[in-house]
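Chains as they are written, first to last, in UniProt numbering: chain A, 1 to 444; chain B, 1 to 444; chain C, 1 to 444; chain D, 1 to 444.
A portion of the hints provided could be inaccurate.
As the list claims (entries may be wrong) - No more than 16 angstroms apart at the CA atoms, straight line, and that leaves these computed lysine to aspartate or glutamate pairs for EDC-like:
#, chain 1, residue 1, chain 2, residue 2
1, D, Lys23, B, Glu327
2, D, Lys442, C, Glu327
3, D, Lys270, D, Glu127
4, C, Lys23, A, Glu327
5, A, Lys90, B, Asp367
6, A, Lys23, C, Glu327
Honestly, the hints are just simulated from the structure, not real lab data.
4 protein chains.
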Amino acid sequence: MDFDVVVIGAGGGGYPGAFRLAKSGYNVLMVDPKGVLGGNCLYSGCVPSKTVRELAHTIYRIKNVLGQEVKVDFKEIQRQKDRVQEIRFKQHERELSEHGGVTFMKGIARIRDPKNVIVDVDGKEVEVRAKYVLIASGSEPVKPKFPGSEYCITSDDLFEYKSKVSDLPQDMVIVGGGYIAIEVASVFSKLGVKTHLLVRGDRVLKGFPEQMVKTLLSSLKLDIMYNSPLFEVKKVGSEYEVIFGSGGVKRSLRTNLVMLATGRKAVIPKGSEGLTNEKGYIKTDEAMRTSLQNVFAAGDVNGLAPYFHAAVRMSLAAAYNIMANGEPIDYVDVRSVPVTLYSIPSASYVGNVNPSDAIEVTYNMEDEVMSQMYNEMDGVLKLFFERGSLRLLGGWMVGVHSQYLINEIGQAVAHGLTARQLAEFADQHPSTNEIVSYAARKVL
Amino acid sequence: MDFDVVVIGAGGGGYPGAFRLAKSGYNVLMVDPKGVLGGNCLYSGCVPSKTVRELAHTIYRIKNVLGQEVKVDFKEIQRQKDRVQEIRFKQHERELSEHGGVTFMKGIARIRDPKNVIVDVDGKEVEVRAKYVLIASGSEPVKPKFPGSEYCITSDDLFEYKSKVSDLPQDMVIVGGGYIAIEVASVFSKLGVKTHLLVRGDRVLKGFPEQMVKTLLSSLKLDIMYNSPLFEVKKVGSEYEVIFGSGGVKRSLRTNLVMLATGRKAVIPKGSEGLTNEKGYIKTDEAMRTSLQNVFAAGDVNGLAPYFHAAVRMSLAAAYNIMANGEPIDYVDVRSVPVTLYSIPSASYVGNVNPSDAIEVTYNMEDEVMSQMYNEMDGVLKLFFERGSLRLLGGWMVGVHSQYLINEIGQAVAHGLTARQLAEFADQHPSTNEIVSYAARKVL
Amino acid sequence: MDFDVVVIGAGGGGYPGAFRLAKSGYNVLMVDPKGVLGGNCLYSGCVPSKTVRELAHTIYRIKNVLGQEVKVDFKEIQRQKDRVQEIRFKQHERELSEHGGVTFMKGIARIRDPKNVIVDVDGKEVEVRAKYVLIASGSEPVKPKFPGSEYCITSDDLFEYKSKVSDLPQDMVIVGGGYIAIEVASVFSKLGVKTHLLVRGDRVLKGFPEQMVKTLLSSLKLDIMYNSPLFEVKKVGSEYEVIFGSGGVKRSLRTNLVMLATGRKAVIPKGSEGLTNEKGYIKTDEAMRTSLQNVFAAGDVNGLAPYFHAAVRMSLAAAYNIMANGEPIDYVDVRSVPVTLYSIPSASYVGNVNPSDAIEVTYNMEDEVMSQMYNEMDGVLKLFFERGSLRLLGGWMVGVHSQYLINEIGQAVAHGLTARQLAEFADQHPSTNEIVSYAARKVL
Amino acid sequence: MDFDVVVIGAGGGGYPGAFRLAKSGYNVLMVDPKGVLGGNCLYSGCVPSKTVRELAHTIYRIKNVLGQEVKVDFKEIQRQKDRVQEIRFKQHERELSEHGGVTFMKGIARIRDPKNVIVDVDGKEVEVRAKYVLIASGSEPVKPKFPGSEYCITSDDLFEYKSKVSDLPQDMVIVGGGYIAIEVASVFSKLGVKTHLLVRGDRVLKGFPEQMVKTLLSSLKLDIMYNSPLFEVKKVGSEYEVIFGSGGVKRSLRTNLVMLATGRKAVIPKGSEGLTNEKGYIKTDEAMRTSLQNVFAAGDVNGLAPYFHAAVRMSLAAAYNIMANGEPIDYVDVRSVPVTLYSIPSASYVGNVNPSDAIEVTYNMEDEVMSQMYNEMDGVLKLFFERGSLRLLGGWMVGVHSQYLINEIGQAVAHGLTARQLAEFADQHPSTNEIVSYAARKVL
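My request is simple: use the sequences and hints to build the entire structure.
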C-alpha cells in the first residue's frame, strides 16, 4: 500500500495533523491499536476523568453553598462519563468520514525505514510505503511490579470506557505524587471517599511551580504520607492491606482500593528506538522534526509537553511542516502552553513563573466575586511582568475557574501583551477573568 | 470643605477612580445616597442577580445531567445572595480604609459650578470646593405609571439586599424585552417558575447581535408575547390579573408576581443637566471629558457602555486624565468591551459582529467537551476575521461558559490579534476556551 | 516535460515563490521572455530609475547644502545604473544556482489547461505538464498610437539596461500624470532638465491620498499643464514639436525629448483570458487563488498592489498555498503594503489614510533634524489613530527618508500597534524616524 | 519662588518632561547653565557632529559612486552645522513660548532638600520651593590631566556652536576607543584627514555587541594602536608630538590635532550626591524615581541609557509619574532603546543581541539594493528570534541606513513582534528596510 503520510497514533498528536493533511489533498494512513480516535485522553484520560470531576464538583457545590447533601450513585456518574465518551467517539467517526483522504487502520505500526512502515493487524503484517511518517504513539502508565501489584489499578482502569469501577470505595490509597495522583485524591475526597497518598520522596507535583503547589496543598488538605515507599499489597477479605515504609519503619494501612499513579512513559514504535533522547522520548525540535528526514513526532511521545492540547498543536505543526517537506513553516512555542491540575480547586500556570527579576502582582481569590458566590474562596492569582516593558512573562493561579482564566493569561503570554494592555481591557463582570485586569491594574 | 476631586457616585464608575486618585495623593470626596460602595451592581444588580443565577444553574445541572431533582428553598438562595453582598460591602469598607485619601459621604450631590458642589446630607447642605468633578451617578430603572403599577416590582426589588421576595412564585409575568427581562425569565424558569414575557414591540434584545439573539431564543424556549402592551394590573385575592393588548384585542393573565423591566435611565445630578445629550446621558468623549472643563463622567451615566466592568475602566481613565488635568493620557476603547447576557445558557459578544466583508467561522457547541459533560450542548461560537490581515474583528457566542470565553476573545479584539495568533496558542484541554483556537484554525 | 509547478514570469511575483517551493523540494519550471530574473523592476523599472534618482539627489544635496555645483556627465550616472543592474542579474543567477529545483526557460508561456502549459522558445513549442501554475507575468506600459508616437520614448527606454538615452536633454515633455510621470519629472528637474507635464484631466496621482498629493505638489513646483490632451508629435530638426489641447485651443511646445507615461496594463498569458476581471487583471483572492483550481496569480498581473515588494509577498503566499494544495495557509494583507513616490522629496503612505473619524496628528518636516541638516525641510507627516483604541490606522508623509519611515509606520499598521506603543519606543536620534514617536506622543 | 516642579537641566532629559507637565497645567521651572534648550546633544553633541557626518558622507558618495572629487572648504561644513544649531535653538525657543507654564532660568541648581532648590544665577542665589524635582543635569567629558593636556581638544571643542576648529587638520590623533573616538576617526578619515587612534587597552567599543564591532572595524580600516597609553603631548612648532606607550616601549607621533575622547561622567547637582550608585550616576528605577520621594532623574545623569532619544523617553516617563505623585503610570524599557554608532558605514543594535539559544539569521549588505546604488556594500544584518515563539529578541546591523532600519527592528523588539509578522509585511522596495522582511523570511 502507498500513502503520502503514515500517522502512527490516533490521539491528539495524530488525528489533527492527519485531518489537516487530508484537507490539503494528502493521502494519509492513520494507525492505532485502540481502533478509535482520541487516544488515551478520550479513552481513559482527561475527558472521562474531568467528566467525573465536573459532576463531583457540582454535587459538592450544592452542599457547600446551600448546605444540602445530594446523594448520587457513582454508577450514574460513570454512566454520564460513558455517554460523553460515546458522543466523542461518534464525533471523531463523523470527522473521519468528513476527511476523505484519511484511511484508519487498527493495528500496531513498526518503522522499517523512513519510507516503509509495517502494520501488524491482528497478527497479519501489512506493508506500507510512505513519503512521510508522523509518530504520535503517545504514552502509557508505568505499572511497577511488586508483591501484590496485581491487586492495584491505575487511573486507566478507573476512567476507561465501561470501567469496572462502578462503586465508590469507602477508603482509597493512591500511590504517587504526580498530578494524576493529586487530581484523583482531590476529586474522590469531594465525593466522600477517604483518600491517602503514599509518596516515595518528600515532595509532590515536581516540575510544577513551587509557590502554586504550596498554595494548592494548603487548600486541598489531603492526607499525604511523604517518604513512604510502597512495599507490598495484600488481599485481606474484601479489603487490602498496604505495607509501606515511613521514617525507617514499616507501617500498614487497610483500604478498599489501591491506585497506582507512578508516572507515564513514551510508547516508542519498533524501529524508532534510535530516535529517542536520554529520557526515552523521541527527540524533536520546535518544528516537530526528528533526527531522521521526513520523520516527525508530535504529542506525548516527544515529551515536550505531555498534554492533549499541546499534542494537537504539535500535530498541526507537523502537518504544515510535512507540506513544506521539512523546511519549517510552523514552530511550536512550548513555553506558552498552559497546564492545569484538575483538582478542586484547580490550579493552572503558563509561561515563565520563576523569572529572576520581575514585577509580581497578587490577587487573592477571597475578593473574587464568583468564588464568593460559590463559597469557594481559596486561592491566589500571580502574574509576572518584565521590568520596563511590562510584558507578561507568566502566571499561575489556584482557585475557581483557573482552567478558563489560564487561556486569557496564556494568549497574553504567547503574544507578548503587557500589563497596560491587560489593564486597558475591561474583563466581563461578573466573571472570574476580571481578576486578570484587576491584577494588571495594580502595576499602573 | 476643600477637596481635589469630588466623585459623585460610589459604584463602578466612581470608586475605582477615587481609589486610584487617592493612591496618588489626591484628596477625594466620594458622595453616594446609598451610603455603601458598589453602586446598583452590588446593591441590587449584577452581583445578587448572578448569585441567584449560579445557584439556579447548579441545581439545574444535577437534574439535567444526573436526573436527580434537588429541592432547595428559595430562602436559602436569597440568603447566599445576601451573604455575598455582605462580603462585598465589607470588602469595599476595607478598601476604603486602605485608601486614606478618600472621604465618603452619604448624601445627594448637586453641582453649583465646576468648582463647587453642594451635598444634601439628610436635608442639611454641605458646601464643597473641588478642582475636579467626576460624575458617576449611574442609572435607575424606569418605572412607568399605569393602573395597578403599585402592585409591580422591578428587578431591584427582587435582588436588593434583604429583598422581601423570599418565596418563589408559581407563575410570573415579566414586562419588557431587554436583557434584564430575558435573564430573569430564563433563570426563574430553570428554578421551576412558569414565566411569561410581555413585550411591547415585535423584538426582544434590541441592540444585541441579531444572529446571536436568534440562536439564544431558540435555546431558551421562553413564553414571549410580542406586540403586547400592558394596560393594567389588578389584584385578585393573592393573585394579579394582568391586562394587556395582543393583536388589537385585550387579553388577560392570572399570575403571582409582576415584574417590570422596562428600561433604565441615567441619574443626572442637579446642575449638570446642561451636559447631557439627546438621549439624556452626560455627553463624554473617549477620555471621559464632558463639555465642561475639569468635569468628567464615567459609568452608566454617560451611556457609552452601561456595564459595571466598562464603568470601572472609564472611572480609571477619568482618574488618569484628572491627574493630567484633562490633557488626556488614557482613552477608553468602548468597542472592545464584552457584553454578556446571563441567561442559561448565557450569550456574549464583543467587538464588531456585523462586519461588511469578513471571514466568518463557526463552532457548534454540541462538539464542545464541557458542554457534553454538562449535557448543555446548545449554542454556537462565531468569530469574524478581517480579510487579508486575519485580524479578529469580533465574535459572539451562545453556550456554556460564554462569560469566561468572551474575555479571551475580547483581549484578542482589543489588541488586534489574528486568526494565526489564536491558532498558534494551545488552549487548555479540557476547557471551553479550546473552541477559540479550534475556530481560528479553520482559517488556516 | 513534467514539473510540480510552472511559474510564468521571473519577476517579483515569480521567482520568490519559485525559490521557496524549490527549498521545499518542489520541481519548478520558471518561464520568462526576458531570459533574466528580476522582471521589469530590475530590467527597466524601480531599480534603475531609483539608482538615477539617488545619484541625482546626492548631486543636488552638495549644491543645496554647500552651495557647490557638481558637474556630472549623465553617462556616468547611467553607467552606475548599469553596474547595479549587472550586480543584481548576477545575484539572481547565484540564487538560481543555489536553488537546485528551479529550471529556468527563456520563452513565452501559454496555458492550454490547468495541467498543461505550452512554452514558445524561439518559435519552438515545448509541452509542459504541471500540478500547479503560478501566473506572474507582470505588466507593461500602455503605448498609445497617435501621429508621431514613434518619436516618443517610455520610461522603459530611459531606464532599461544599456539604455540608449545617455545624454540629458535640455528640455523634456512628459505625457501623463501617474507616479512614473511625476517621479521622472522631479528627478530630471533636479538634474537640470527643464520638464513639462501634459496631463489629460484636471488631476495628477489619482488613487494617491489627496492631502499628500497637495503637499507634495506644492513642494515639487513642477510645470504641469492640466486638461491638455496630446494630439501630435512632430520632428523638427533635432527637436520635437508637441501639439496638445489646452482650454479648447491647440497649443504647441518645442522640446528635446518626449516621454509617454500613460499607464500600464497586465500581461495576460494566452489561455488565461477567462480568469480576468473587468479591469483586465487576473482575478485573485487574498490567498492568491484564481477561479481555476491549482492556478494562482501574484504580482502586477492581478492588479491588487502593483509594486515589486507586494509582488514578492504575494509570490510567497502563492508558494505556501501551493504547498497546501489551495487550502490556504497564508493570506496577503494588501492594505498594509506601503507605497512610495520616489520624487525629490519623496512621498509615502500606508494603511487607511481616509478614516471617517480618527485622531489625526501632524508633524512638520521643518522641525525634523535630518531635513535641517540637508536643508530639505519641505513636507509633513500625518498619522491616523482609531478613536478609543488608539490603533494606528494609516499614515502618509512627504519629505526626507519617507521611503524608510513608511516601513516603521507600515509594520505598526500591519500589526495593530497603538499610539501608546509608538510613543513608548525611543526612535534613534538623530534619525528621521524620531518623528514617528514624536507624532504619536502628541496624543498622550 | 514657588513651583510645582523644578527641572534641573534643559537637555533631552529635561525639556520634554517640562513641556509635558506644563501642558497639563503644572508650573515648571527649568534651570540650565547653558541658557539654551537642547543640552549637550544640540550644543556640542549629536546634532552638530551628525551634521558634519552627513555632509562628509554626501561628499564621499560623489567620489565613491561617480568617481568625482568634490573639494569643499571645511568652513562651509561648519557653517551648515552652525545653521542647523541656530534653527534648533530657535525651534526650542518657539516651543518654550508655546508652553506658557515653563519658566527658564540660566543658572546652576543645588538641591537643599527635596522641596527646596537653590539656583546660582551669575553668583546670586535664588531660592525655589517645589513639590517635585526632576534631575536631568546630563553628563560631561572626562578631561584627564597630563603633561600637555592643555593642547588637546575634546569633541565638544570640535562641534560646539561657533567652534574654533574651522580648518581640517592633515593629521589627527584621537585618544580613546569609545564610540565618539570611532565616529570622529571615521568621519574625518572620509573627509581626507589622516587619523590615528590611541587606545589604552586591547579593545575598542566595549559594551557594544562583539560581532558587530568586528564587522564594523573590518569595514572602517582605521589606524588603531591598541595597548597604547598616552604619556605626554608636546607642542613642536605648529605641530604636536604625541608620546605614548606601545608594547612596553615609548613611541611618538607628529600630528596637527590631538582630540581626547576618554569617556564621559554624570553631572551631579550639589545636594544630590547621596542619590548616586557606585558608578557615580543618580540611581533610578524604571519609573525614573530616585531613592528620595518626589525626586526623579532622567537622561545621561542616571546612566541607564546615555542617548538623547532615551533621555527624551525617560523625561516623559518622569513627567507622567510626577502627575501620579510617584505611583508609577509609566515605565521605560531600556532594553529596547536602539543605539547607533554614526561612523561611515554606521552600525546599530537593539534588544538582546547575545541570546543563549536563538534562531539567528544573517543578511549580507552586498545583496542590498541601496548599498549597491551607493556602492557601499560593506556590512551585515543579524536578527535573533526566540525558539518556538519566533519573537524578535534583538538585532544588529552594520551598513547603509542602519540608523533608520534599527527603528523598524526596535519597534518590533519593543512590542514583541515575531519572525512571521516581520515576514508578512512587505517592506517598501527599493529601501534598505526590505532586508528586515527578507531576513525574517529565511526562518519560514
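To see whether the hints hold, each was checked on the structure:
{"no.": "1", "hint": "D:Lys23 x B:Glu327", "in the structure": "7 angstroms, holds"}
{"no.": "2", "hint": "D:Lys442 x C:Glu327", "in the structure": "23 angstroms, violated"}
{"no.": "3", "hint": "D:Lys270 x D:Glu127", "in the structure": "14 angstroms, holds"}
{"no.": "4", "hint": "C:Lys23 x A:Glu327", "in the structure": "7 angstroms, holds"}
{"no.": "5", "hint": "A:Lys90 x B:Asp367", "in the structure": "10 angstroms, holds"}
{"no.": "6", "hint": "A:Lys23 x C:Glu327", "in the structure": "7 angstroms, holds"}
In the structure shown, a violation is registered for the earlier hint numbered 2 alone.
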